[in-house]
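Protein chains: 2
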Amino acid sequence: MIESRRRLADNREIIYFDANGTPGTREATDTRDLPVTTTHSECRYDALLGEWVVIASHRQSRTFLPPADQCPLCPSTPERSTEVPEPEYQVVVFENRFPSLATSVDPDLPAHVSGAPLAALRPGFGRCEVVCFTSDHTLSFAELSHERARLVVDTWAQRTTELSATDGVEQVFCFENHGEEIGVTLSHPHGQIYAYPFVAPRVRKILDQVRAHREAQGGNLFGEVLSSEREAGIRVVTSNQHWTAFVPAAARWPYEVQLFCHRQVPDIPALTDDERDAFVDVYLDVLRRFARRFDTPMPYIASWNQAPTRVGRDDWWLHLQLFSFRRAPGKLKYLAGSESGMNIFINDTTPEGVAEALRSVVVA
Amino acid sequence: MIESRRRLADNREIIYFDANGTPGTREATDTRDLPVTTTHSECRYDALLGEWVVIASHRQSRTFLPPADQCPLCPSTPERSTEVPEPEYQVVVFENRFPSLATSVDPDLPAHVSGAPLAALRPGFGRCEVVCFTSDHTLSFAELSHERARLVVDTWAQRTTELSATDGVEQVFCFENHGEEIGVTLSHPHGQIYAYPFVAPRVRKILDQVRAHREAQGGNLFGEVLSSEREAGIRVVTSNQHWTAFVPAAARWPYEVQLFCHRQVPDIPALTDDERDAFVDVYLDVLRRFARRFDTPMPYIASWNQAPTRVGRDDWWLHLQLFSFRRAPGKLKYLAGSESGMNIFINDTTPEGVAEALRSVVVA
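If you read the protein sequences in the order shown, they are chains C and Y.
For the first sequence, counting from 1, position 86 maps to 86 in our numbering; every step adds exactly one.
For the second sequence, counting from 1, position 50 maps to 414 in our numbering; every step adds exactly one.
Check the hints yourself; a few may be wrong.
What the hints assert, rightly or not - Going by beta-carbon spacing under 10 angstroms, a handful of chain C positions derived as facing chain Y:
no., residue
1, His40
2, Val53
3, Pro67
4, Asp69
5, Pro201
6, Arg202
7, Lys205
8, Asp208
9, Glu224
10, Gly233
11, Phe294
12, Ser303
13, Lys333
14, Tyr334
15, Phe345
FYI, nobody ran anything at the bench for these hints, they're computed from the structure.
From a predicted model like this one, the values you see are computed outputs, not experimental measurements.
We put the CB at the ideal spot given by N, CA and C, even for glycine.
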C-alpha cells in the first residue's frame, strides 16, 4: 500500500491509499479558496448517567444531500474542484470539514459547564475523518472488488495505528452509515473514522461484563459466545476459516449481524494478511445479502468494535457489528419511548428467522 | 376520579377514568367479533452488554397509520366499532392489542436461547397499555385543558400503583411518542404504559451513579443537579412552586427538557394534589413551547423516569424527560454510527441556546 500525504486548501490533511504497484503519484493541488472552518466542540459530563456527551453546535449548517453533480467526495475535474484534488483515486482519507471533534482545542475552557458544577467540561478533542472507498460515485461497499475492499481494510488498519498513537485518543471508531433512511447526507460510497478522547460507553460496558465473567469463571466471554454460535450454527449467516458472521442471540435491531475473527485480536491492525483477506470475503458476502434481502438495498450501519487504545486490550475481541433499522420493506424501526427513553430494545424479528432469511438470499 | 372497568370482545381489560362529578357510567359493550391475538414475546439476555432485549416477533403485522375515519382509538359510533365501545370518553386505558409484553406466558420456556447457553431466556412477561387522553381525534396533549391533563396524571398514578403491585413487575414506564416523524402509527392523542419484568438499563445506570455519589459525598445527586440548575437559571425553561423544567447541561437530544419535582418522590403516585396541579401547569407550558418553536409542532418523546417498583426507591427522584429528534425545521437527528454503534451522543445544539429559544417562544 502506498500512502501519499497532502494538505487541502484550508490545511486539512488528505491521505491517498493506493494498492502496491499502481501509479500512486498524488501531486494535485487543492485550488479552492476555502475558508478555514472553526469548531466549537466540547465534551460535557452527564453526571446522572456517568457518560460524556459531545456538544458540537457549529455543525448545524453542514452540507445536506447535494445533487450528484455537486458531490464533494467525487474526484475533481477541470470544471469543478471537490474535496479530493486528484482526477481519480482508489481509497482516500481526509479530515472532515465539519468535524464533531477537532485537534485544535480551547486551552481556556472552564472545568465545568457554567452553572452546573457536576457537569465536568473537556475540550472536544479528537479527530473526524472521511474515508472514500472508490472514486465511482455510483457504487456501494457491497459492489467493491475484493482488492479494493482489502485496500479499505488496510486503510482502516493504518488509520487505527496512527490515531491510537495520538496523545489523548482513547478509542478509534471506524464505521459506515449507509442509506438516506438513516440520515446519510452524502451518497458517495464512504465511511468515517472518529478518534474519541474517552472510551465509548458501549465498549466500557462490554469490558465490565467480560472482566466479571473472567473473574467469576475464567474464560473469555467473547470467545465463548463465538464458539457456541459456531457450534450451534442456527444463527450463522456465513463463515470461512478465519471469520464467522452470525445474528446475535439477543439482537436489538431488526437486522443485525456480528462478524467475529476466530482468533482473539484487539483491533484491525492486529489482523494478519490472511485474516484480512478472509474478512473481505465474509463481509462482502454479508453486505450482498443485505443488499438483496429486499427489493431495495438495506440501509445499514457498520460499526467496528475495536479495543480502547490503552485499557482492556487483553480482554477485548475485535468484531464488526452490522445492523439495519429496516424491519420490512418500507418499514423502519424507530427508537421510540422504550428504546430512547428506557434503553430497553424491543425487536420485532427473531434472530433465527433473520439468519435463515439472510442465508436464503441468492448471492450471484 | 371514577374508574369503570370493562372487558373488550377478546377479553382485554379497558378502564375508563372520569373526573369526579361527571356522568361516568360506562356500560357499552364491545360487539366486535375480535379474534384473540397470541403473543410470542420473550426476553433474551445480551451477555456482552448485560442487558435484556425483548423479542416480540408477532408484532410485525400491526396497524400502521390508518386513515382518520378508521382510527381505532376514537369512540365507537353506531356505524363503526373501535377499541373504545363508549360513544365518548374522557381518559381511557386498555391493554394493547399487539403488546410487546404479555401477562400470559409460556411456562415451558427453556432456560436459555437455543444454541446460546450464555443468552438466558425469560418469558416476555409484563403488560402494555394504551392511554387515550381525549376522545377528540384532532387534539394533542399540548391542547388539553388543565382539568383533562390532571385527569391523565391521576390515571398515570393509578396505573403505576396497580401495575407496581403486580408480581413480577419491576419497572412501570409511562410515556408518549408524539409525531409521525418518530414512527407513531396512530395520530389520535394517546400515550402508553409498559410494565417491565426487569429494571430498565437507564434507571439502573443512574441508580449506580446516585449510589456512588451518596457513598462518596453524602447528598442526593438528583437534588444537587436540580438545585444548581434552579440557582443558575440559564438552562431553566419555566418553573413554579413545585416543579422546574430545564435543559440538562449535557443534553443528548437537539431539544431536551427535564421536569423535576422540587420534593424528592419516587414516582407519580407519591405526588400530592398540589404537586400534580403544579406539574400540569409546567408541563402544558413546556409542551406549548415545543409546539410553537418551529412552524410545525415538534415531534417528541415524553418519558417518565419513575423508581423501580422494588429497589432503589429511597435514592430515586421522579422526573420527566421530554425530548425531540428535530434539530431544525425539516431536519432530524439520526442515531447513526456514533450514537447507535458506540453509544456516544453528538448534539448539534447547545443546552443554553435551546433553553433561551424555548423561553422566547410566545405562549398565548
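Honestly, which of those hints from before does the structure not fit? 3, 4, 11
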